[in-house]
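Trainee: Protein chains in written order, with full-length UniProt numbering: chain A, 1 to 452; chain B, 1 to 452.
It is worth saying that the hints were derived from the structure and are not from the lab. Please note that a few of the clues may not be correct.
Interface residues of chain A toward chain B, partial, derived using beta-carbon atoms under 10 Å [what the hints assert, rightly or not]:
{"#": "1", "residue": "His185"}
{"#": "2", "residue": "Ser193"}
{"#": "3", "residue": "Glu194"}
{"#": "4", "residue": "Thr196"}
{"#": "5", "residue": "Ile210"}
{"#": "6", "residue": "Ala399"}
{"#": "7", "residue": "Gly403"}
{"#": "8", "residue": "Lys416"}
{"#": "9", "residue": "Lys435"}
Here are the simulated SDA-like pairs of lysine to any residue, each with C-alpha atoms no more than 20 Å apart in a straight line [claimed, not checked]:
{"#": "10", "chain 1": "B", "residue 1": "Lys418", "chain 2": "A", "residue 2": "His172"}
{"#": "11", "chain 1": "B", "residue 1": "Lys432", "chain 2": "A", "residue 2": "Asp167"}
{"#": "12", "chain 1": "B", "residue 1": "Lys47", "chain 2": "A", "residue 2": "Gly425"}
{"#": "13", "chain 1": "B", "residue 1": "Lys387", "chain 2": "B", "residue 2": "Leu397"}
{"#": "14", "chain 1": "B", "residue 1": "Lys281", "chain 2": "A", "residue 2": "Glu289"}
{"#": "15", "chain 1": "B", "residue 1": "Lys281", "chain 2": "B", "residue 2": "His298"}
{"#": "16", "chain 1": "B", "residue 1": "Lys435", "chain 2": "A", "residue 2": "Gln436"}
To give a feel for the contact side, a few chain B residues facing chain A, derived at Cβ under 7 Å [what the hints assert, rightly or not]:
{"#": "17", "residue": "Thr175"}
{"#": "18", "residue": "Pro211"}
{"#": "19", "residue": "Ala236"}
{"#": "20", "residue": "Ser237"}
{"#": "21", "residue": "Asp238"}
{"#": "22", "residue": "Ala276"}
{"#": "23", "residue": "Gln283"}
{"#": "24", "residue": "Ser340"}
{"#": "25", "residue": "Glu423"}
Remember, it's a predicted structure, so these values are computed and weren't measured experimentally. Beta carbons are placed, not taken as given, at the ideal position from N, Cα and C, and that holds for glycine.
Listed below, chain by chain, are the residues.
Number of protein chains: 2
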Amino acid sequence: MIVERLKEKLGAEKVSISEAERYRHSHDESAHEAVQPDVICFPETRKDVETIMAIARELHIPVTPFGVGSGLEGQVIPLKKGISINFERMNRVIDFSPEDMTITVEPGITRIQLNEQINKHGLHFPIDPGADATIGGMVATNASGTTAVRYGSMRDNILDLEIVLADGRVIHTGTRAKKSSSGYHLTGLFTGSEGTLGIFTEITLKLHGIPEHIIATRCTFPTLEECAKGAYLILASDIPVMRMELVDASSIKQVNAYGNYSFPVKHSLFFEFAGATSAAKAQAELAKELMEDAGCDHWSVATNTKERNEIWKARHEMAYAFRHQKGKRFYGTDICVPISKLPDLVHYARELIEETGLHGGILGHVGDGNFHTLSLFDANNEEERKKAERMNDKLVLKAIDVGGTCTGEHGVGIGKMKYQQAEHGVAVDVMKSFKQLLDPDYLLNPGKIFES
Amino acid sequence: MIVERLKEKLGAEKVSISEAERYRHSHDESAHEAVQPDVICFPETRKDVETIMAIARELHIPVTPFGVGSGLEGQVIPLKKGISINFERMNRVIDFSPEDMTITVEPGITRIQLNEQINKHGLHFPIDPGADATIGGMVATNASGTTAVRYGSMRDNILDLEIVLADGRVIHTGTRAKKSSSGYHLTGLFTGSEGTLGIFTEITLKLHGIPEHIIATRCTFPTLEECAKGAYLILASDIPVMRMELVDASSIKQVNAYGNYSFPVKHSLFFEFAGATSAAKAQAELAKELMEDAGCDHWSVATNTKERNEIWKARHEMAYAFRHQKGKRFYGTDICVPISKLPDLVHYARELIEETGLHGGILGHVGDGNFHTLSLFDANNEEERKKAERMNDKLVLKAIDVGGTCTGEHGVGIGKMKYQQAEHGVAVDVMKSFKQLLDPDYLLNPGKIFES
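The shape of chain A in the complex, shown without the other chains (with noise of 0.2 Å):
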């Protein structure tokens, strides 16, 4: 009945029900149990999602956008099956206006894509979460990563969004103009509702310069605490720092054995400073100082392109060092607390995981206050898996104590839902009104950041 009536309005050839992309559309990159979608649609316009939605509402079946499943916290898992919206077709550029430094795209195209076309205009997308996710999917999970110390998380870098919502009505959020005080603001509400409010079908974002020179700098401490102190300083002073990451000792040790790499093994802050050759210059040497300061022991500089791609591949690499062992799977943690509590928070975490006797690394945003830890466990080991789940119950409780947040860039999805009554106490039934006033029948990606 659903494939038929689908078929029918859509065009055959953008409804699947193979194996293969039931299977695709089931899972993301987290631990979640999969569920398959009853049907998989493929739209090409914002006509087909608002024909979808239509069926939807008529058929009340709930629907799941999809962008390349490299979400961490299940967002695209159909949890009441039904249809999974997959945006690979919608990927185009509507409207790219360099003068403006603004671009209007379509959801589906990832951010690779979204680069190549701009770049030549000396021109990026700068939020980098690490995997080429769909900008659609970043939008819906308020996605930051490595450079959001200085361009902030997705939701800073949207001035529109064109977004169906459940009722069928097609409205836009905001306007091209980089800044406005007119009407509530839609923009930052659907920025990280990951499905559960409306649908997005056009994005339109801030792009940023590409700066004329990047140094990309490592150094290291002796002691956590002391990479934190690096931190703070930087941050104090006001070096628009392009990137700032800490890495902890046993993450550096599992990236030199992945990646066959020699960074000593020690606790570090890897940097990139960026700007007109001489400003670039100058924020390193400024930098140097202040980290002699928090006493570092070792500062390197990257003396060529190679040396400096190398780094930032090996800090990617990090999560996937871990993530990738046969056999074996990762459960992830992503508080974000305040930045004097970091010290104690990264502490914590390395007690909480050696309690497991998992193996498992922290890595942190750390001009955020945003830190990942990554356990493996046996996949076919229930209570190693328990094990890494209690870790992450009493990492994040303690996050919030310290004024800190659940999620800081991977969203809520699933894992996240039962902390949201502890971290926000009643502002999650406003939340949830908002819900209730914009899909009362649960349509949209039910099941996720609250229960349906």
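Start from chain A and add chain B according to the hints.
Mentor: Relative to the frame of chain A, chain B by itself:
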């Protein structure tokens, strides 16, 4: 009845019906018609605000929050009379954490009071709308100003709001973590809601390090178009400019006369570069080269703090230079457009000003595409006021037409209500449904943003 109840529950010293107070709370700095509240309350705690809200519900009386009355769109004018809430006794710092670069304040603290308390720690709150507004008022209107090109607007600098809702619930919209992907982003939604969705009782802000060194420069161009081109080159180069302001020749003339300055009467860009000494110098050097490419015919660097302060003092005085003339009132526009449209719109604005025959100038936060026209009209000449109003209409509709917004930083209040439908279309209905959901009896600042 209202007054007795308020005195009984709050204490008589927190309630006033004096003529002086009723006058003070009847208007802001705009030309919108004054309306006096029935009574003014001076809460000292969140509990007091909850008490006021409970009485408002019980007696069905509208409530309008008031900061210092420096707004420019009539947000504080109690259109339906009732209670004006003045926050001047709620101006405490609740929690200051220099190491986290965050501060939690009550809404009545002004931005200068705030900076006085934190500057000695090497930190500042850089959002600068010109006036010494309260932080609560700046949140309510999503204020920004000359530093938005570097630091964004208020919305980008708020971590958490404590809010008393119309029904008495008290919520927190965020945490003290620098970023989060947890739950719906209520912080963004309430910022800029102008007292129509809830009443702020605590505000947690991101702070920034005071740059080691600041360089102020100013340069002149033969045409406005070249000014705008120069600004674009700065943005595209990714120079983290601290301030970048466009001032047209006519406004230079006005401020020269007002403040006894001798700036060359030409279209100008005013800059501030900031950072480590060497980095700021490098930025200024690069900017100079870029401006020469753009056709700049004069580049002048302030060589000492006195000169630097003079440049920015003059920039801040420009609005006053227009506003504060005896027997005159002013009508200000506040459009914000995609950067590439700026030269056209500035040109169009100049034409419109000349068409009206009124005396007026143009001042722009050119890095954001936001600029103001200031037109003087005779306070007793209804025809002149109408001319200024019609000019505003034309300019706003043109701005919306090219993808911009009716208000970049002043907010909707009374004056921009009539453009909400044109700018937001169907999204206005969604906004209204949020208002209806959170304040079904229209007790909170009725008659602002939307018709009540």
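Trainee: Compare the structure with each hint and give your call.
Mentor: Hints versus structure:
The closest approach between the C-beta of A/His185 and any C-beta of chain B is roughly 5 Å, which is under the 10 Å cut-off, so the hint is satisfied. Hint on A/Ser193 holds. Least Cβ distance to chain B is approximately 6 Å, under the 10 Å limit. Below 10 Å, beta-carbon pairs count as interface contacts, and A/Glu194 has one with chain B at about 9 Å; its hint therefore holds. Of the supplied interface hints, the one on A/Thr196 holds, with its beta-carbon coming within about 9 Å of a beta-carbon of chain B, less than 10 Å.
Hint status for A/Ile210: holds, given a least beta-carbon distance of 7 Å to chain B, under 10 Å. This hint holds: A/Ala399 has a C-beta 8 Å from the nearest C-beta of chain B, less than the 10 Å allowed. At a threshold of 10 Å, the smallest CB-CB gap from A/Gly403 to chain B is about 4 Å, leaving the interface hint in force. For A/Lys416, the interface hint holds, the least distance from its beta-carbon to any beta-carbon of chain B being 6 Å, beneath 10 Å.
Residue-level restraint check for A/Lys435 holds (minimum Cβ-Cβ distance to chain B is 8 Å; threshold 10 Å). Restraint check for B/Lys418 and A/His172: satisfied, since their Cα atoms lie roughly 18 Å apart, inside the 20 Å limit. For the suggested pair B/Lys432 and A/Asp167, the alpha carbons sit about 16 Å apart, so the restraint of at most 20 Å is met. Pair hint B/Lys47 plus A/Gly425 holds up; C-alpha atoms about 18 Å apart against a cutoff of 20 Å.
Of the pairs offered as hints, the one joining B/Lys387 and B/Leu397 holds, with about 16 Å between alpha carbons and a cut-off of 20 Å not exceeded. Restraint check for B/Lys281 and A/Glu289: the C-alpha separation of about 19 Å stays at or below 20 Å, so the hint holds. A C-alpha spacing of about 18 Å is found between B/Lys281 and B/His298, which places the hinted pair at or below 20 Å, so the restraint holds. Under the criterion of a C-alpha separation no larger than 20 Å, the hint pairing B/Lys435 with A/Gln436 is consistent with the structure, at around 15 Å.
Here the hint on B/Thr175 is kept, as its CB sits about 5 Å from the closest CB of chain A, short of 7 Å. Hint on B/Pro211 holds. Least Cβ distance to chain A is approximately 5 Å, under the 7 Å limit. Interface restraint check for B/Ala236: the shortest CB-CB distance to chain A comes to about 4 Å, inside 7 Å, so the restraint holds. For B/Ser237, the interface hint holds, since its Cβ comes within 7 Å of a Cβ in chain A; the closest pair sits about 5 Å apart.
For B/Asp238, the suggested interface contact is upheld, since its CB lies about 4 Å from the closest CB of chain A, less than 7 Å. Contact between B/Ala276 and chain A, as hinted, is supported at the beta carbon level, the nearest pair being about 4 Å apart and thus within 7 Å. The interface hint given for B/Gln283 is met, as the beta carbon of that residue sits about 6 Å from the closest beta carbon of chain A, less than 7 Å. For B/Ser340, the interface hint holds, since its Cβ comes within 7 Å of a Cβ in chain A; the closest pair sits about 4 Å apart.
Given hint, B/Glu423 at the interface with chain A, holds; its Cβ is 6 Å from that chain's nearest Cβ, closer than 7 Å.
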